[in-house]
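Each chain is listed here by its residues.
2 protein chains.
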Amino acid sequence: MAEKEENEIIEHHVSEEMEKKRSRTRDSHSFLESATISEKEGHSSTQSSHRLLAYSDALISIIATIMILPVAHTKIEPDQELQESLQQLLTTKIAVYLMTFLIVTVAWAAHIRLFQVIERIDDFLALLNLACMMLITFLPYTFSLMATFPEVPLGILLFCACAIVIGLIQAVIVIYGFGHPYLLNDHIQISENQTFYKRHILKIILRVPAFCFFAGIFSFIFFPLSYVLLALVIFLPYITQSLKWCGNKIVGRQEELPESMLLYSYHPSEPLSKERVEAFTDGVYAIVATLLILDICKDNVPDRNEVKEKYQGSLIAALSEFGPEFLAYFGSFVTVGLLWFVHHSLFLHVTKATRFMGLLNTFSLACVGGLPLAYQLTHEFTKNSRNELEAIQISCVIIFFAGIFQLAIWVTALFNERETLHPYMRYGGREHAFMFAKLALYPSVTLTTFFLTCILSKFSAQIFHLMQIVVPFAFLALRVLVSVALSLLKLVFRPAKPMHNALEEDESRLPFNDVVS
Amino acid sequence: MAEKEENEIIEHHVSEEMEKKRSRTRDSHSFLESATISEKEGHSSTQSSHRLLAYSDALISIIATIMILPVAHTKIEPDQELQESLQQLLTTKIAVYLMTFLIVTVAWAAHIRLFQVIERIDDFLALLNLACMMLITFLPYTFSLMATFPEVPLGILLFCACAIVIGLIQAVIVIYGFGHPYLLNDHIQISENQTFYKRHILKIILRVPAFCFFAGIFSFIFFPLSYVLLALVIFLPYITQSLKWCGNKIVGRQEELPESMLLYSYHPSEPLSKERVEAFTDGVYAIVATLLILDICKDNVPDRNEVKEKYQGSLIAALSEFGPEFLAYFGSFVTVGLLWFVHHSLFLHVTKATRFMGLLNTFSLACVGGLPLAYQLTHEFTKNSRNELEAIQISCVIIFFAGIFQLAIWVTALFNERETLHPYMRYGGREHAFMFAKLALYPSVTLTTFFLTCILSKFSAQIFHLMQIVVPFAFLALRVLVSVALSLLKLVFRPAKPMHNALEEDESRLPFNDVVS
Chain A
1 MAEKEENEII EHHVSEEMEK KRSRTRDSHS FLESATISEK EGHSSTQSSH RLLAYSDALI
61 SIIATIMILP VAHTKIEPDQ ELQESLQQLL TTKIAVYLMT FLIVTVAWAA HIRLFQVIER
121 IDDFLALLNL ACMMLITFLP YTFSLMATFP EVPLGILLFC ACAIVIGLIQ AVIVIYGFGH
181 PYLLNDHIQI SENQTFYKRH ILKIILRVPA FCFFAGIFSF IFFPLSYVLL ALVIFLPYIT
241 QSLKWCGNKI VGRQEELPES MLLYSYHPSE PLSKERVEAF TDGVYAIVAT LLILDICKDN
301 VPDRNEVKEK YQGSLIAALS EFGPEFLAYF GSFVTVGLLW FVHHSLFLHV TKATRFMGLL
361 NTFSLACVGG LPLAYQLTHE FTKNSRNELE AIQISCVIIF FAGIFQLAIW VTALFNERET
421 LHPYMRYGGR EHAFMFAKLA LYPSVTLTTF FLTCILSKFS AQIFHLMQIV VPFAFLALRV
481 LVSVALSLLK LVFRPAKPMH NALEEDESRL PFNDVVS
Chain B
1 MAEKEENEII EHHVSEEMEK KRSRTRDSHS FLESATISEK EGHSSTQSSH RLLAYSDALI
61 SIIATIMILP VAHTKIEPDQ ELQESLQQLL TTKIAVYLMT FLIVTVAWAA HIRLFQVIER
121 IDDFLALLNL ACMMLITFLP YTFSLMATFP EVPLGILLFC ACAIVIGLIQ AVIVIYGFGH
181 PYLLNDHIQI SENQTFYKRH ILKIILRVPA FCFFAGIFSF IFFPLSYVLL ALVIFLPYIT
241 QSLKWCGNKI VGRQEELPES MLLYSYHPSE PLSKERVEAF TDGVYAIVAT LLILDICKDN
301 VPDRNEVKEK YQGSLIAALS EFGPEFLAYF GSFVTVGLLW FVHHSLFLHV TKATRFMGLL
361 NTFSLACVGG LPLAYQLTHE FTKNSRNELE AIQISCVIIF FAGIFQLAIW VTALFNERET
421 LHPYMRYGGR EHAFMFAKLA LYPSVTLTTF FLTCILSKFS AQIFHLMQIV VPFAFLALRV
481 LVSVALSLLK LVFRPAKPMH NALEEDESRL PFNDVVS
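Top line first, the protein sequences correspond to chains A and B. full-length UniProt numbering applies: residue 1 is where the first sequence begins, and numbers increase by one. full-length UniProt numbering applies: residue 1 is where the second sequence begins, and numbers increase by one.
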């Protein structure tokens, strides 16, 4: 059937071409020309898809991070123990935040997968995609209903309804894409078994609405089962894949999938569009960096009458009340900015992002999303209280994990350096050491701060502020520091020559392997 | 002096090359290789600058739109007349929103101008840029202080301090960039009068901190003068340029500036990076589309106890209370999404964005930023009240202007179609008519709705909702509608042949003009 359709399309194109030749001055001419130009040029149509995806990434990144707002706006009484309120927070709101982040990023990964198959778009697909986006932005709300009222089926029903419609829209996009093959990925476009691809992709996409449909039905009968079904639909492909991967590692069999087969395989090295990972990351970092200024602009402009009565008309006195908020803003902006800077440096050297790297990136971003909350907490309590100490330590832990996951991306990339890294960034060399130093700076500094605040708990705030001030300068001086460290190392290890040999070996290995493989 | 510096750099490069040849196995090797690779490839370093700018665009677009939040969160009593509260709103908060939007976009335009000169970045510039971003995100707050306490010099002092530091950072970026010429725009890099460029750019950049310094001083002596100075620094280049442009139009002299001289000229056809205009627009549309869901996720999850007591445990009853909010969300998301879609279609055909198009785009975006507020208002009042009618009419007006400014971008592009549009989109033809229909759909529909609500004020809400439902389908069917309309037109005008002739003439004109010019 698909072949027949294809033939029809080819015939249609041929007849269009003939029509074009026949009547050059008819007004349909410029339409035809535009279609052929945009098809031939490639630029304008690729651009088109690029911008739609950038907009989608921006929307999804905002939605993924906003569930931190209900957490951040939970009022904590200054005299209350943070431990208690934290436990209260932890049980629902932070869990909702993390689960929302996870679910939205799963939806985002599905969106990437879909638009790696369909590389060019037209108006119809753009509008369908917007409808899909609207439903994705509604997911966090249904999820927070599920978390607040776990025993009422309404939340899960709404969630399932959204997921079903999203799945159906994606299926329509795939069917439409295969109906207009010039919209497809070049690989699939020239492939002979297009029908196989279509069936394979549709099967995977439609699995989600099918599962959600049953989950929706079970929510009336026995709702815990529907939660199990939903967890299954999200994690099943990953679990089976990781089991297979582990099995292969144990047995030692190394199955190499052909490039095009990696689409929709859920393989850990399935390619993930590097541009989109970057766009999504930029979106999350940008919204997180500005979350606190959003609050400041909304709440911290003092009232005219209040200033007159309470502060005898002194605006400076009124503003100094908000001092801690401003400090929290600058602190979180600097930290988020520098973590973005590290991420930016890292992805400059990465040539291809894999699904596993994307997963680590998601974990890192989930930590980053919690940063404004942590910074807000650090300034909410009286000086030298137990609460303040704990808030500072939580901030350190969050920054530490955000940094560690970034480091993990780098280590993962190094494991497949041939595919994922620029040649000049592979093992060894000064640039390599520099990158490592950049990635290790935040984890090591926050770890030091954490232990220092444990020992010198009285000066915890001072230590924390000192860290915030020192870190940006450390980044500025990092290249110099690394050069000094490397030359010191060279001085120390000069008698033992093997280091140089290792480098040479590393270089000679490269072309040799190329010949073998 | 600059020449001497350049020579030094060239010498430095040469010595590096020689050193590289001399000692291939030293560990500095991979660093050199990386530098030369990234310089030669162009790709990795361009990418670098690209992502920094994308992140900056995301930050600036968020900051530009958030000042609508204090407006949106102003509580309006349901029994109060909207007219009054609107006047109250209009006087300060909406003015603050619009002025912030303007100032932030001016800062953004300066940022574009700067990074059109400096096309490649390194770590130092990335960190400087982050510092600059932090200050830009703080501008809205200082501005809202200025608006709330116009007679206290603190707000203007803070604003001036931020502007001075931003200006100085930009000057450092320029000096650093000209100190490392491989970071510069290719045009300037090969140009002979680099020193002239450097001086010209520095003069323009440092004008801002100088003016702000005096404005800061005058804020102590006679503060209205400092407002005048600030207005001057923002509008002076535009005023002089538009006066010059008008003068030239009247006299008829057409001065054609060389391409490279257009940088930092404030000329209406000064190029504005199309990618950055798109990225900024995407950011604004994305944050505006999600502004209402941010509120919904934060405020509209009902409380467990409240549901139990007030609604006898019925979650659906509790949620139906929030029905109007959900409707407002979907309405604003659809409208913003479709306006983005029109913008996306428009910029697909644009090859080069000019400063004047950027200005019109800013006006359109400022209207779009007000949409969530307007939609929120439509559902805040009792049915068939005078307030509801006014809120609906305000929504129509805002959408109308957002659409009209997009149409104005298109018209401006058509005036210089040779430079700004793809060849297949120039005057005449079906694709041209289709684009025009897309751009005209929202203005015409909202205008109709506006007048219908004036006449049938009793059914205003129904008419408004009908419009919201019809418009997406109108976009889907637009291509068909345009084809039908065109063939109808052809049928009507068939006897009068000149239309065909005009088309032919139009086509024949193109190559002829090419020969002449």
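Treat the hints as calculated values from the structure; they're not laboratory data. Keep in mind that a hint or two might mislead.
Identical chains blur together in the list; that is why a pair holds if it fits in one copy or across any two.
Listed next, the in silico SDA-like pairs over lysine to any residue satisfying Cα-Cα at most 25 Å (straight line) [unchecked claim]:
id	residue 1	residue 2
1	LYS308	PRO150
2	LYS298	GLU380
3	LYS308	ALA95
4	LYS298	LEU158
5	LYS249	ALA161
6	LYS298	TYR238
7	LYS274	VAL471
8	LYS308	ILE94
9	LYS274	VAL106
10	LYS490	ALA72
Structure-based check of all given hints:
1. Only between protomers do LYS308 and PRO150 lie at most 25 Å apart by alpha-carbon distance; the minimum there is 14 Å, versus 48 Å within a single protomer.
2. In the homo-oligomer, the alpha carbons of LYS298 and GLU380 lie at most 25 Å apart both inside one protomer (18 Å) and across protomers (20 Å), since each shortest distance falls under that limit.
3. In this assembly of identical chains, LYS308 and ALA95 lie within 25 Å of each other by CA distance solely across copies; the values are 23 Å between and 43 Å within a copy.
4. Proximity of LYS298 and LEU158 under a CA criterion of 25 Å is satisfied inter-copy only: 18 Å between copies versus 32 Å inside one chain copy.
5. Neither within a single protomer nor between protomers do LYS249 and ALA161 lie at most 25 Å apart by alpha-carbon distance, with minima of 39 Å and 60 Å respectively.
6. Taking the shortest alpha-carbon separations for LYS298 and TYR238, neither the intra-copy value of 42 Å nor the inter-copy value of 32 Å comes in at or below 25 Å.
7. Taking CA atoms no more than 25 Å apart as the test, LYS274 paired with VAL471 passes in neither setting, with 28 Å inside one copy and 35 Å between copies.
8. In this homomeric assembly, LYS308 and ILE94 come within 25 Å of each other (Cα to Cα) only across copies, at 24 Å, whereas the closest approach inside a single copy is 40 Å.
9. For the homomeric pair LYS274 and VAL106, the shortest alpha-carbon distance inside one copy (16 Å) is at most 25 Å, but the shortest distance between copies (31 Å) is not.
10. In this assembly of identical chains, LYS490 and ALA72 lie within 25 Å of each other by CA distance neither inside one copy nor across copies; the values are 49 Å within and 62 Å between.
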